[in-house]
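> Sequence:
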Amino acid sequence: MSKAEILKRYILFVISLFFAALGVAFTKGGELGVSPISSVANVMSCKFSSVSMGTWLIIWNCLLIIGQILILRSKFQPVQLLQIPLSFLFGWFTDFGMWLVSFIPVNSYPVCLAMVLLGIVILGFGISLSVIANVIMNSGEAFVKAISDISNREFGNVKIVFDVLCVVVSLIVSLLFFDFTIVGTREGTILSALLTGLVVKFFGSRLKKPINTILGENQLAPMKRNIIK
2 MSKAEILKRY
12 ILFVISLFFA
22 ALGVAFTKGG
32 ELGVSPISSV
42 ANVMSCKFSS
52 VSMGTWLIIW
62 NCLLIIGQIL
72 ILRSKFQPVQ
82 LLQIPLSFLF
92 GWFTDFGMWL
102 VSFIPVNSYP
112 VCLAMVLLGI
122 VILGFGISLS
132 VIANVIMNSG
142 EAFVKAISDI
152 SNREFGNVKI
162 VFDVLCVVVS
172 LIVSLLFFDF
182 TIVGTREGTI
192 LSALLTGLVV
202 KFFGSRLKKP
212 INTILGENQL
222 APMKRNIIK
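Numbering (the working numbering), first residue to last: 2 to 230.
Source of the hints: derived by calculation from the structure; they are not laboratory data.
Among these hints, one or two may not hold up.
As the list claims (entries may be wrong) - DSBU-like, lysine-lysine: derived pairs with alpha carbons at most 35 Å apart:
{"hint": "1", "residue 1": "Lys4", "residue 2": "Lys210"}
{"hint": "2", "residue 1": "Lys48", "residue 2": "Lys209"}
{"hint": "3", "residue 1": "Lys210", "residue 2": "Lys48"}
{"hint": "4", "residue 1": "Lys209", "residue 2": "Lys76"}
{"hint": "5", "residue 1": "Lys9", "residue 2": "Lys76"}
{"hint": "6", "residue 1": "Lys76", "residue 2": "Lys202"}
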């Protein structure tokens, strides 16, 4: 694969981060809960509102990177440290998206639901672009893959368990911080868990061929990934 193609794929990955972050911002703006992997950061942003949602996502993603290092140890590949600047970029994009979404009046449940559904579509579109770019995993996927590799378990099964644990942790944190009240994890979280993968498949099947043609056809072996944010 040429350097030009590698560069184009990384540019596409950065673009995918922007759309994924915008999707998170829309679901957050709907106030019905966010995707499972972002649910802990969402609850923390509700409790400590002086720290932005994007900053909490940066902290959360960096913790997942540290987790990979502890799990893989000598097997951790130095190139995966690129997850750090990409996590910061994702957090900044999320805060920018939150600023854009702040201009949308959210004054009824149908509007909240529409925000969540639109956010899921945008998030799924962003994830599909990252899959097509096929250069590096984000910290959440990479953490799941680390556990999958070490435990010899199927990636998809580990991903499901990881998402469930994220939601459980967010619920526990909410109960502790909000006097045994559930905050930040609602029906939007369930919708995101159920629908995001379908959106990724929808866009991926339609965009993979034309985008790969633009990038410089697939000299990069496709990574087997089952990705739901």
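> Each of the hints needs a verdict: does it hold here or not?
These are the hints, each one checked on the structure:
About 20 Å separates the Cα atoms of Lys4 and Lys210, which keeps this hinted pair within 35 Å; it holds. A C-alpha spacing of about 40 Å is found between Lys48 and Lys209, which places the hinted pair above 35 Å, so the restraint is violated. Using a Cα cut-off of 35 Å, the hinted pair Lys210 and Lys48 is violated, with the two alpha carbons roughly 44 Å apart. Of the supplied pair hints, the one linking Lys209 and Lys76 holds, its CA atoms being roughly 31 Å apart against a limit of 35 Å.
For the suggested pair Lys9 and Lys76, the alpha carbons sit about 28 Å apart, so the restraint of at most 35 Å is met. Simply put, Lys76 and Lys202 have alpha-carbon atoms about 31 Å apart, close enough for the 35 Å limit, and the pair holds.
The earlier numbered hints that this structure contradicts are 2 and 3.
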